[in-house]
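Number of protein chains: 2
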Amino acid sequence: MSYNAPLKDMLFVVNELAGLAAIGQLPGCEDATPDTVEAVLEENACFCGEVIAPLNHAGDKEPSFWRDGQVTMAKGFKEAFRGFADAGWQGVQHPTQYGGQGLPKLVAAPCMEMLHGANLSFALVALLTDGAIEALLTAGTEAQKTRFIEPLISGQWTGTMNLTEPQAGSDLAAVRTRAVPQGDGTYRVHGTKIFITYGEHDMAENIIHLVLARTPDAPPGVKGISLFIVPKFLVNEDGSLGERNDVQCVSIEHKLGIKASPTAVLQFGDHGGAIGTLVGEENRGLEYMFIMMNAARFGVGMEGVGLAEHAYQGAVAYARDRVQSRDLAGSSGPVAIINHPDVRRMLMSMRSQTEAARALAYVGAAHSDLAHHHPDESVRRDNLAIYEYLVPVIKGWSTEMSENVARDGVQVHGGMGFIEETGAAQHYRDAKILTIYEGTTAIQANDLVGRKTVRDGGAVAQAIIARVRETEVALAERQDGVDGGDLAAIRRQLAAGSDALGAVVDFVVANARSDVKGVFAGSVPYLKLAGIVLGGWQMARAALVAQQKLDAGEGDAAFYRAKIGTARFFADHILAQAAGMRHAIVEGSAGVLALYVDQF
Amino acid sequence: MSYNAPLKDMLFVVNELAGLAAIGQLPGCEDATPDTVEAVLEENACFCGEVIAPLNHAGDKEPSFWRDGQVTMAKGFKEAFRGFADAGWQGVQHPTQYGGQGLPKLVAAPCMEMLHGANLSFALVALLTDGAIEALLTAGTEAQKTRFIEPLISGQWTGTMNLTEPQAGSDLAAVRTRAVPQGDGTYRVHGTKIFITYGEHDMAENIIHLVLARTPDAPPGVKGISLFIVPKFLVNEDGSLGERNDVQCVSIEHKLGIKASPTAVLQFGDHGGAIGTLVGEENRGLEYMFIMMNAARFGVGMEGVGLAEHAYQGAVAYARDRVQSRDLAGSSGPVAIINHPDVRRMLMSMRSQTEAARALAYVGAAHSDLAHHHPDESVRRDNLAIYEYLVPVIKGWSTEMSENVARDGVQVHGGMGFIEETGAAQHYRDAKILTIYEGTTAIQANDLVGRKTVRDGGAVAQAIIARVRETEVALAERQDGVDGGDLAAIRRQLAAGSDALGAVVDFVVANARSDVKGVFAGSVPYLKLAGIVLGGWQMARAALVAQQKLDAGEGDAAFYRAKIGTARFFADHILAQAAGMRHAIVEGSAGVLALYVDQF
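Chains S and U supply the protein sequences, listed in that same order. Last residue of the first sequence: number 1094 in our numbering, and the count goes up by one each step with no gaps. Last residue of the second sequence: number 1094 in our numbering, and the count goes up by one each step with no gaps.
Please note: incorrect hints may appear among the correct ones.
One copy or two, it doesn't matter: identical chains are merged, so the pair holds either way.
[What the hints assert, rightly or not] No more than 16 Å apart at the CA atoms, straight line, and that leaves these computed lysine to aspartate or glutamate pairs for EDC-like: (1) K572 to D696; (2) K555 to E915; (3) K639 to D1009; (4) K639 to E532.
Source of the hints: derived by calculation from the structure; they are not laboratory data. All values derive from a computational prediction rather than experimental measurement.
Just chain S, with the same shape it has in the complex (with noise of 0.2 Å):
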């Protein structure tokens, strides 16, 4: 099996990082109970690995293609997505009366993680499906929903989101879709998209485009967009199939990555318009989006967490598999190659990447469980601000991580890396989108430094620090002694971490508005900062964890020395780059910004 879903970490995450035990406790959440949720866990790792893994690498060798409108998905897709959807996992996070299962996305998230690590390729139609689903419970009329809901829960349909056109990629405001009204309550679309994930495929009786268009007396700019639904097939009034809509799958992108997943270019409207029905009200199609989009950016977040973990784990055979050189500190013949040092290091740095992230991640997702699930509503409003600052975070910071962590798998591989046959070029060449799709990191940059830092004055972001520095305090409370010691490393790096954070939120809030491209010049760097001073704090909560189960005799002492372990890797490797990376936001803005145009 080429994928196992780290479970142990998983739920290790889940119970004592995320809080699982006060969200299985909020309204709603009841049935999430812990032993519920291990099992649940438990069932998906064993699908995930047997079922939708094996399928990863073969789909990347003889990928989706199309021929006359139509793709024919990878072999053994249309099966596996069959199983997935009939065993119910597509709704782990909806709500039981359209047929989901109601999990808090604390439980979701995990779920997630496992299908994007076993294969990207194929979880993509399950991320898509599940925005377009968030999206009509917002949005949706009651009608819209009872009668979409429910089939792209059970599977029988699929969902996408249509946003980009060839002249709008992160720019919306220059979307040119038209939805001219035919007075009936139905639209005529007409217009390009392009990018669209599972645009077309052949798993499923019906494919449920959500489109971006104007309608004609739209105003311009972003507020003029609207959103459709523009089924394949039309649907009736009794849930039952009707004609061919107007859209069509002109072709496929050729890519460097994620090859089984078809990636369509869709064509509204040549024979007379694509009939499309408005969701919600006109030109509000963008805050709709959005709420599909923030999804779907936790979900890409999941993604990077989960190709890491794939990446990691291959690297990690590999090396115990492959002997060559001697050991450093003197060895009779060549040793497996996880003996020497440089090969280590790589490893560690993949792992206490991927778990910092997981974790990071999960606890987002138990703050968006109290969010929406919490009697208090300043509970609520607060968790909610949590979350959407870290949204950001997750999705830009966990990719960017994948990719570096791909990266390494490959080099650990050496030249077989390189070869395609071993999988770890894959990995390389999937990863690379990561930090592309659903908002490249300069746009997820962009919305933390505008929406999310600039708007409250630092506020949330200074609480969140606020509560890092609480975990530098039990650090310091910890009387493990010796300097030298774990913990006591792992607070310096943390507070050095804290204090760069904290000096960049109080930078890009003072200067936000009088420095605008300066700011923005070190947007990048700001979220990479925040991710690895979260990453790195959710690192020293796990090791205070492990450290109380080491003293109490507690569970399994391998895994908790492990933990310490690499949260002190993490600490001394990766957030010792935080005062670098502070002084390039604060005073690199004169070099990113010295050439003209011209100059380059």
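With chain S's structure known, arrange chain U on it following the hints.
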């Protein structure tokens, strides 16, 4: 044209930083006058841009292929190789007595960079042939030199290096290929070699394989390896071709990148034994191979620089062209994305690292020229020591850097970067081999720590750092007045960098014996630190020269201002990482070595 050699920067570095004037006065280098060198580089730039670069993307899409033991090269390669050879480009740095141009390495380096920058897959045949020529020049008999070198320089034949076997990658002690003396001065060679770049192709009449193998009585390990010439076609005494030798290409690899360059599995001796002749003495093969490898390692460093430059140019072109979103400082409509600060940051990162690595490599080449041609033996010795210190840094850091640059190149393209047609993805795939072949970055770092730092107690390293400090003094002496000036900012980061590097060298020397694994746990970070500090040093030197030129009102002011701005970026964004790296090296081994193998 997708690749334009950056002639202006190349000539700036060659003349102002690497000191062509002094090199051109060395015995044997008199042809290398500034005018001649400029003419040579201009001509090479034309050839690479017009003939070689256009084959790069096409060769990736429709790679070379294998059938029945034959490799058919990607379209256009054969004709281009003829043009390359006929124009004399294979012979730039080789002796005139064998048909070479006898130019110094300082001229060969930019020529290599251009060829690699234009088309990495194509350039590899020249790189490997260079290596074969070097080895024969060093260890071949007069008869071997006469028979083999001239046709290698003329491009009638090409050369290969045969080191790797399935069980012997980085660990050449494990080489098993056998060479049995026949009593007539020849040997019969039997064995399997893998990852043989251009091990088979149809561009030249013959292929001269240089093969590591063991004679029957050879001692075990690396001290029992000999080097053999095993031509694809036997060569008669008059230089004409004889029978086909018993070496077969049984397959080529399906690789992540450099797809147009065939990477062969070669089977020697399946039909009685391939006929080989010894190069130099028995059991000294590794020593000779290191000559090839050192030349090749420098060459791979130039591959990193060339690829990074090509990726940078592609990203700049896209960023100028792609219009998306308004300017942050306000604009009436969308602007070219080169105006967005994060795009600018990525371009500056790509540019500054490429320029720094270029400068470091060319300066290294000048040290090599001084080491080989200076009349004073002590000058030769000192320069050789510096050059040898720099080789693993040039190889390791330039290639690691090129991966990051290629990544940023994709990122600047956004979603289009993930589509193969833009070419950005090809750079990302191609770059990944550079940190692996000719010794992984870890192998370079082992060399840097062991042979280049510990062996002389850090003397050469500290001597180089003393030169860095001279540049800091020169920067401090420049009265550019305000503290916020570019030169002052550069000086501060350079000083922090040289402090960090000095401390790390001390740490490595002090602990290499008592804590060998602890030191090697930081070997790659040490190599990268050396790269950014010494690269940053060259950028600082460049900024000083540029400021002098500006003060004197000489030359192209825009170029010099851009140079200072680029150096400033490098200081605040790249050099600023030095202290964190120092921490990871000096304090980071506990984390690297924290886990037992079973805990992974």
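Status of the hints after comparison with the structure:
no.	hint	verdict
1	K572 to D696	within (7 Å within a copy, 44 Å between copies)
2	K555 to E915	within (9 Å within a copy, 19 Å between copies)
3	K639 to D1009	neither (46 Å within a copy, 65 Å between copies)
4	K639 to E532	neither (31 Å within a copy, 71 Å between copies)
Comparing the model with each numbered hint stated earlier shows that hints 3, 4 do not hold.
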